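Undergrad: For reference, the chains in residue letters:
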Amino acid sequence: MPKTVIPIGPFHPLQEEPEYFTLTVDGETVVDIDVAVGYNHRGIEKLSEMKTFDQSTFVIERICGICSTSHPFAYTQAVEDIIPVEVPERAKYIRTIIAEGERIHSHLLWLGLAGHFLGYNTVYMWVWKLREEICDVMEILSGNRQNYAMFKPGGVRRDLKAEDIPLALKKIDSIVPTLNRLKKAILDDPVLHARLKGIGVLTKEEAIDYCALGPTSRASGVAKDVRKNAPYAAYDRVDWNMIVTENGDVFDKAVVRILEVFESVKIMKECLRKLPSGEIDLNLKNIPPGEGIGAHEAPRGETFHYVRSDGTNRPVRHKVRAPTFMNLPTYKATVIGETISDASIILAAIDPCYCCTERIAVRTPEGKKLFNGNDLIGLSQMKTELLKKRMGLP
Amino acid sequence: MTREEILKDLQTRFKRDIVDLFDKSPKRVYVEIKPESLVPVATHIFRDLKARFNIASAVDVRTHFEILYHFSIEDINLLVSLRVKLDRKRPSIDSLAPVFKGANWIEREMHEIMGIDFKGHPDLRRLLLPDEWPQDVYPLRADYTEWDKNAIRDRGV
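Going line by line, the protein sequences match chains Z and Y. If you read the first sequence in this note's numbering, its first letter stands for residue 9, the second for the next number, and so on. If you read the second sequence in this note's numbering, its first letter stands for residue 416, the second for the next number, and so on.
Rather than coming from a laboratory, the hints here were simulated on the basis of the structure. Keep in mind it's a predicted model, so treat the numbers as computed, not measured. Treat the hints with care, as some may be off.
Using 35 Å as the maximum straight-line C-alpha spacing, the simulated DSBU-like pairs for lysine-lysine come out as follows [stated by the list, open to error]:
| id | chain 1 | residue 1 | chain 2 | residue 2 |
| --- | --- | --- | --- | --- |
| 1 | Z | Lys205 | Z | Lys192 |
| 2 | Y | Lys500 | Z | Lys236 |
| 3 | Z | Lys54 | Y | Lys500 |
| 4 | Y | Lys439 | Z | Lys59 |
| 5 | Y | Lys465 | Y | Lys534 |
| 6 | Y | Lys504 | Z | Lys59 |
Go ahead and model the full structure; you've got the sequences and the hints to work with.
TA: Given below as structure tokens:
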């Protein structure tokens, strides 16, 4: 039987972000797969070298729209590792609270999308409604639903107000009954069992070989979590469990994420209750020459930042490694041999985030830019004119 | 093994390969090795010490290139960074991708943005840069200068 190549992307109505998959199929079975990324370049590593250490935090925060705290968290720790210095206790707790709130809404977002990919739109609507509550909690605590801008090297930018905490706690408590029902509805659903169990299996050996991260590896039995293995912030001061399952299929990846939401609720509540008083910022002035590494367990896996300073107020090199960069190549192990209808949910099961993965294209301070806002508007107007002419509209 | 045993073992096992060992803090160790010793040292750390490969980061320090291969040994909370220094004229080093698949993409990335050749890499195609990007222009090198990007601008508009 002749083999067929099915291209998906780079821009496709079913994709949230641009990426280009080439699936080679024999009948219904996928025999080969390749992915081309790079449609999301913004040159953030280079851009970060042109900003001061403090300004970089804002640029880094905009790497990802969903997990906007995970990159600043790793970056600020990398800068603090250059000196090295420990941030005040209250700042540690505030950082933990923000990071866990983000994990809850990020996992819920994935869960909704996974339901959507499977054609189970009830889950999609239900989960995203629940996610709103957590976004509200983040707004109560930080003032923003997304891009909280709470992090800075040496501490946090803003303090939490004592009068906001009871309200936030009440709101977090209010989602728990719905979460419980959701967990039961998803994990006990025979249709989802039939649809997700045993597909897209990533074995433990493969997960180690590909250096997979986060829920993708923990679903395959690799018990690694930066929060447990290399405790930072307030993660060693509260009681929580690392969720590990053994099968490595799509179902287990969903289980890990759902159960992690409960752990995050636990961490967040405990931190809010135990929040110590004191300073929130070290007011770092000069960063000495040297190099530092920071890692944070983001919702999708470990974010890893390497920052090198030469004693000026700007980093000379800033390497950003997002979790999807390590998780995406596992498609070779999981998709090949499965049917084409399962490919979309397997590819979605790692919770890919392409805007995190791609950041290399270049702008120089004096050189010209690729496209600015006006260019894009101009291009858009040109295209509208062209379409109008073609359709014979005035 | 404890942290001290691992460091001692590394120093005796790879006596000829290690140029310098910088014990920065309880959680961070920087080990400079000779470029030709990368594969045996990295294989030992990855396979025998059960470390996880975090990532590699290439830096252009104008006189030479540096690549840091970061490994974390989770049981003892230690991050070992292997540092190699490469000649700036013909930067080239053995690939780690045949040893573990996690090194595949990052070597492709360093190949296109820094122009470092990885000998023995199974698939050194471009990962992130567009097809129209000229050969021999490496965006994260220190001497990078802007080139005419109209080639990309005119595409498909």
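Undergrad: For each hint, tell me whether it holds in the structure or not.
TA: Here is how each hint holds up against the structure:
{"no.": "1", "hint": "Lys205(Z) x Lys192(Z)", "result": "holds (16 Å)"}
{"no.": "2", "hint": "Lys500(Y) x Lys236(Z)", "result": "holds (33 Å)"}
{"no.": "3", "hint": "Lys54(Z) x Lys500(Y)", "result": "holds (22 Å)"}
{"no.": "4", "hint": "Lys439(Y) x Lys59(Z)", "result": "holds (26 Å)"}
{"no.": "5", "hint": "Lys465(Y) x Lys534(Y)", "result": "holds (25 Å)"}
{"no.": "6", "hint": "Lys504(Y) x Lys59(Z)", "result": "holds (29 Å)"}
Violated hints are absent here; each numbered hint is respected by the structure.
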